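Peer 1: So the protein sequences, as listed, match chains A and B.
Taking the numbering used here, the leading residue of the first sequence gets 964, the next gets one more, and so forth.
Taking the numbering used here, the leading residue of the second sequence gets 964, the next gets one more, and so forth.
Source of the hints: derived by calculation from the structure; they are not laboratory data.
There could be a bad hint or two in this list.
Okay, the calculated bits of chain B under chain A, using three or more residues with CB under 8 Å as the criterion [what the hints assert, rightly or not]:
1) 971–981
2) 1022–1031
Here are some of the chain B residues that sit facing chain A, going by a computed Cβ distance under 7 Å [claimed, not checked]:
3) 1000
4) 1006
5) 1011
6) 1013
7) 1016
8) 1019
9) 1035
Below, simulated DSS-like cross-link-like pairs (lysine-lysine); rule was C-alpha separation at most 30 Å, straight line [what the hints assert, rightly or not]:
10) A:996 with A:977
11) A:973 with B:973
12) B:1039 with A:977
13) B:996 with A:1039
14) A:973 with A:996
15) A:996 with B:1039
16) A:1039 with A:985
17) A:1039 with B:985
18) B:977 with A:977
19) B:985 with B:1039
20) B:985 with B:996
21) A:977 with A:1039
22) B:996 with B:973
23) B:973 with A:977
24) A:977 with B:996
25) A:1039 with B:1039
26) A:996 with B:977
27) B:1039 with A:973
28) B:996 with A:973
Source: prediction; values computed, not measured.
We treat Cβ as the ideally placed atom computed from N, Cα and C, and that holds for glycine.
Number of protein chains: 2
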Amino acid sequence: MPHKTMAYHKHLAKVIQERRLKAGLSQEALAAKASVHRTYVGMIERGERSPTCDIGYKLARALGVRFSSLIEEAEKRC
Amino acid sequence: MPHKTMAYHKHLAKVIQERRLKAGLSQEALAAKASVHRTYVGMIERGERSPTCDIGYKLARALGVRFSSLIEEAEKRC
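Pulled out of the complex, with its shape left as it was, chain A reads as follows:
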């Protein structure tokens, strides 16, 4: 699939995973910290789901970053 037409959430998936690894958190630890189900975190990181903005906001807070910075980083890759 050409890069330009890749759905936005696929880029966001990679950004979230990178930030989680940088924070030294497992998917389980991030899920617990963000009060999100751990299977949902896996689905988001694999790009199987476009997270709702509320979930994205919670994940960003749990990662200690601003939600807008995650969104911006993913947007730059589109």
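Based on these hints, arrange chain B on the given structure of chain A.
Peer 2: Leaving out everything else, chain B in the frame of chain A:
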């Protein structure tokens, strides 16, 4: 409900509505431009739904703004 505990998408709802009105678009026109169902745009603006990040991205593009700028504006209100 105290301002601080209001769900993120409720703030985003207001930001999207404000930007749509500023752009002089009806909900129907925005929905068509973004390829999103018009009833979904109404639900988002009324704060009944937390949009997925893909939908938020599409709406931002249809509004002619960066998605991260919508997200940031809503984040400031949290």
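Peer 1: All hints are to be evaluated individually against the structure, with a verdict given for each.
Peer 2: Hints, one by one, checked against the model:
no. : hint               : verdict
1   : 971–981            : holds (count 3)
2   : 1022–1031          : holds (count 3)
3   : 1000               : 15 Å, violated
4   : 1006               : 12 Å, violated
5   : 1011               : 12 Å, violated
6   : 1013               : 4 Å, holds
7   : 1016               : 5 Å, holds
8   : 1019               : 6 Å, holds
9   : 1035               : 4 Å, holds
10  : A:996 with A:977   : 19 Å, holds
11  : A:973 with B:973   : 25 Å, holds
12  : B:1039 with A:977  : 25 Å, holds
13  : B:996 with A:1039  : 22 Å, holds
14  : A:973 with A:996   : 23 Å, holds
15  : A:996 with B:1039  : 22 Å, holds
16  : A:1039 with A:985  : 19 Å, holds
17  : A:1039 with B:985  : 25 Å, holds
18  : B:977 with A:977   : 29 Å, holds
19  : B:985 with B:1039  : 19 Å, holds
20  : B:985 with B:996   : 15 Å, holds
21  : A:977 with A:1039  : 12 Å, holds
22  : B:996 with B:973   : 23 Å, holds
23  : B:973 with A:977   : 26 Å, holds
24  : A:977 with B:996   : 28 Å, holds
25  : A:1039 with B:1039 : 21 Å, holds
26  : A:996 with B:977   : 28 Å, holds
27  : B:1039 with A:973  : 26 Å, holds
28  : B:996 with A:973   : 22 Å, holds
When each numbered hint is compared with the structure, violations occur for hints 3, 4, 5.
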